[in-house]
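Taken in order, these protein sequences are the chains called A and B. Quick note: the first sequence uses numbering that gives the first Met the number 0, first residue 0, plus one each step. Quick note: the second sequence uses numbering that gives the first Met the number 0, first residue 0, plus one each step.
To be clear, the hints were calculated from the coordinates, so they are not data collected in a lab. Only a predicted model underlies this, so the values are computations on that prediction, with no experimental measurement involved. Where a beta carbon is used, it is the ideal one built from N, C-alpha and C, also for glycine. Take these hints with a grain of salt, some might be off.
Stretch by stretch, here's where chain B covers chain A in the computed footprint (C-beta under 8 Å, at least three residues) [what the hints assert, rightly or not]:
hint	stretch
1	143-155
2	290-297
3	339-346
4	372-384
5	403-416
6	471-482
Number of protein chains: 2
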Amino acid sequence: MKLILLSGGSGKRLWPLSNDARSKQFLRVLEGPGGRMESMVERVWRQLGESGVRESAYIATGQAQEELLRAHVGPEVPLIVEPCRRDTFPAIALSAVYLYSIVGVSLEETVAVLPVDPYVEDEFFRRVGELEAVIRRTGCDMALMGVTPTYPSAKYGYIVPEPDAAQDAADAEAVDGLRDRRLPEGMSAEKRNASEGASALPEQLARFAVPGTGDGASRRVRRFTEKPDETTATALIAEGALWNCGVFAFKLGYLIQLLIDRGLPIHYDGLCEQYERLAKTSFDYEVVEQASHIEALRYDGYWKDLGTWNTLTEEMKTPLLGEGRTTEDCRNTHVLNELGIPIMVLGLSDVVVAASPDGILVADKAASPRIKEALRDDERRPMYEERRWGHYLVLDQMRHDDGTSAITKRVCLAAGRNFSYHYHTDRSEVWTVLGGRGEMILDGASRILQAGDVAIIPARAAHTLRAHTEMQLIEVQRGVRLVEEDIVRLGKEWSTITQI
Amino acid sequence: MKLILLSGGSGKRLWPLSNDARSKQFLRVLEGPGGRMESMVERVWRQLGESGVRESAYIATGQAQEELLRAHVGPEVPLIVEPCRRDTFPAIALSAVYLYSIVGVSLEETVAVLPVDPYVEDEFFRRVGELEAVIRRTGCDMALMGVTPTYPSAKYGYIVPEPDAAQDAADAEAVDGLRDRRLPEGMSAEKRNASEGASALPEQLARFAVPGTGDGASRRVRRFTEKPDETTATALIAEGALWNCGVFAFKLGYLIQLLIDRGLPIHYDGLCEQYERLAKTSFDYEVVEQASHIEALRYDGYWKDLGTWNTLTEEMKTPLLGEGRTTEDCRNTHVLNELGIPIMVLGLSDVVVAASPDGILVADKAASPRIKEALRDDERRPMYEERRWGHYLVLDQMRHDDGTSAITKRVCLAAGRNFSYHYHTDRSEVWTVLGGRGEMILDGASRILQAGDVAIIPARAAHTLRAHTEMQLIEVQRGVRLVEEDIVRLGKEWSTITQI
Chain A
0 MKLILLSGGS GKRLWPLSND ARSKQFLRVL EGPGGRMESM VERVWRQLGE SGVRESAYIA
60 TGQAQEELLR AHVGPEVPLI VEPCRRDTFP AIALSAVYLY SIVGVSLEET VAVLPVDPYV
120 EDEFFRRVGE LEAVIRRTGC DMALMGVTPT YPSAKYGYIV PEPDAAQDAA DAEAVDGLRD
180 RRLPEGMSAE KRNASEGASA LPEQLARFAV PGTGDGASRR VRRFTEKPDE TTATALIAEG
240 ALWNCGVFAF KLGYLIQLLI DRGLPIHYDG LCEQYERLAK TSFDYEVVEQ ASHIEALRYD
300 GYWKDLGTWN TLTEEMKTPL LGEGRTTEDC RNTHVLNELG IPIMVLGLSD VVVAASPDGI
360 LVADKAASPR IKEALRDDER RPMYEERRWG HYLVLDQMRH DDGTSAITKR VCLAAGRNFS
420 YHYHTDRSEV WTVLGGRGEM ILDGASRILQ AGDVAIIPAR AAHTLRAHTE MQLIEVQRGV
480 RLVEEDIVRL GKEWSTITQI
Chain B
0 MKLILLSGGS GKRLWPLSND ARSKQFLRVL EGPGGRMESM VERVWRQLGE SGVRESAYIA
60 TGQAQEELLR AHVGPEVPLI VEPCRRDTFP AIALSAVYLY SIVGVSLEET VAVLPVDPYV
120 EDEFFRRVGE LEAVIRRTGC DMALMGVTPT YPSAKYGYIV PEPDAAQDAA DAEAVDGLRD
180 RRLPEGMSAE KRNASEGASA LPEQLARFAV PGTGDGASRR VRRFTEKPDE TTATALIAEG
240 ALWNCGVFAF KLGYLIQLLI DRGLPIHYDG LCEQYERLAK TSFDYEVVEQ ASHIEALRYD
300 GYWKDLGTWN TLTEEMKTPL LGEGRTTEDC RNTHVLNELG IPIMVLGLSD VVVAASPDGI
360 LVADKAASPR IKEALRDDER RPMYEERRWG HYLVLDQMRH DDGTSAITKR VCLAAGRNFS
420 YHYHTDRSEV WTVLGGRGEM ILDGASRILQ AGDVAIIPAR AAHTLRAHTE MQLIEVQRGV
480 RLVEEDIVRL GKEWSTITQI
């Protein structure tokens, strides 16, 4: 079985801590083992390791997140990087083609696709592993995982199963069939497991041993209902409906055949070439809704979508991240402060205050999901970005009457890292080094830079910097067009730069 | 009559918009004529002009506010500047001595002292003018103004008058006395006014014409009660008590005699020399409480202490100052944003959000007066200061492991203004000019600086800059001790600097 974790979406529902350059899965707001703060993607990657399935996992993402993912889960993380952003159908198709044509995965192997940031117990990932057995047992096109609803939420999608009786009978039959087919007479599940190495089968069988309880067996899916009202949701739950948590599994061959049927390339390079022309459509729409036989496996454990401030803060151990204070009469109030100045909250309960260089949110928790609408017309540049080489923070932006603009940044270059060797056509830069030591190359000439040094970089002058020890510098950009895209890269790795 | 406006106190009750460098009277949050935003001190100075008494007004303040006061009410404002900060007794004593020994005011002249920032109608200042007549009429040591309470507030001081009956009789007597003494038979108040020029007398008399209503006449003060509980306040109001609004008048000779009695100098230079050794005691404690005969004059008009966020925001015409947005369901919520990033408020009512480079306050309005306690241990440098030459904003502060620190500021130097010619012993500075044009002198050498230029200023190098057009620059300071006090000034005015 292979796992594909989808790491996408810029999402403004956790503004101002999430922005176009930093999606919510990268926010380090959760408390991990030993009290270390971890992001959602770090947490899931750790859980995959603890569940023993990390070796079969890949992360599908866009170029914008490549550096950040390596920073969060390690430089060796296997990434499947889209040439440009599309939607989930192209992304999953590209991943399938990558597994088939580059990794050489068998068409018979099961592939499970899941979000990169579900907030769940480890059990969740073990349950994902069971989808393989569901496909094998039922011969379905696709096996989904559904979360047992805990309340009639109007914000989730529901997976509605076929009516109970028929399904229970089918379950019982399937279990009998499996027993007949799989276990040689007189061999216990444990023994078989020991003889075949790690497998989800014994646990699966243990669950199947109580068919009809609704806990172990999968159920055939009748239909899907997106975000019903609460009354409808209550009725759906009574029917046995489950929350759709975005986990689906299929045999690799199923999707490859589907691509062949549509005349799409099944080799990685070929699909990459056409990628930009693929329609922006979702996997749900293009594949799931077309499948004739879908099974859903129930997951009873803890699951939560930490996509909005009210749900995210419920999982925060501490009410205060960053500088600030809340008075004692503040109940259920959370402060997340990435600014260098204190936030004082007086006498307010059920409130979230989140501040970053992008802005400040002050919201009643119940109202916090509305931030996306409130920001509808907001088109600002991100003020903070993590990069492969470190990070930067925009301190100041000014526009002058003469048409020039200025941006002041504090830049942190990690020890041993370097910027690409590049130039800008429309801006000059001045670096004042605050701390650390490194080597600068400016139009081919090398120079050591350390605390107190100043480097002046005219427009069109090629430059790079490599940090021997972590460097902090203030960069003042001036020009008529100050955009991140104004960059011509001449080299990326230090070893190649020094050859130029 | 002379007016002394006390402009003091750093006050943290309007944090983060007020700080050690910018007291609340300088916040431009009120809407003045023509929709122009004005500060409390600008408003009062404008009202003094409209009431025709600005010519007799002086502002007593500390050195820290000197530049700011000139920026707000004009370079010609007559200031009485304390050599160092003490309390109200030394400040008022210095002002009295200044009027006596420098300005040459007669000992018979009345001096009225008032805060620089009462939020009142113009009528208030006319009423202050009437205190002179009260002193003349009653021969009291001191005449105060008291505000008619509108509710039993527990946060004000109360002026408690002598019981009604006796006072009413005294009033009637006094009025009769005044009539006898002042008005030649057959001459109406209006005529007398016309023959003598502007005077408060006719209106005074008009009020005296209805003695016992408590509206016109002054009442002898029995005692003072500071911040009583609400029950006590209710009883006090029934007794005819008034709110103490910090306005008191006396004959200049009264205070000068008091200084002589205490062996204090009555000449300006002499008192300045001893100033640092004067006790930090209040005028209330040292003078008012010792006076044997105090009269209080009732003021019935609008008066408000805009000292806390809940009272200040009540007078704000707009719910949003600066960048940001509040959702439609926010009721009675105010945002004051001096940061360059947006503040979004979702679904919160009766809340004030105030943000400056010093920090961010998010408070239930009723809880907002508690900010002072919440900040008790806070000892941060001001991040924004207005100066004689312009203003600066701290963008970033960093401390490094090697003991050095760095501060990055954006500095705005107004056209025609210059820094003093100075040096720093413990820090270097790098200026990157973002906009404007000016002349720099560095260790005696002159150089033109304009947008894009970089100037490197080592520690101990004397430097100054004069702006031909308004200049914006980024200043990066580096050193082991980065404090505003590390400055040795060699010259202040450009004409003298160029002689050095």
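Structure versus earlier hints - violations, ascending order: Violated: hints 1, 2.
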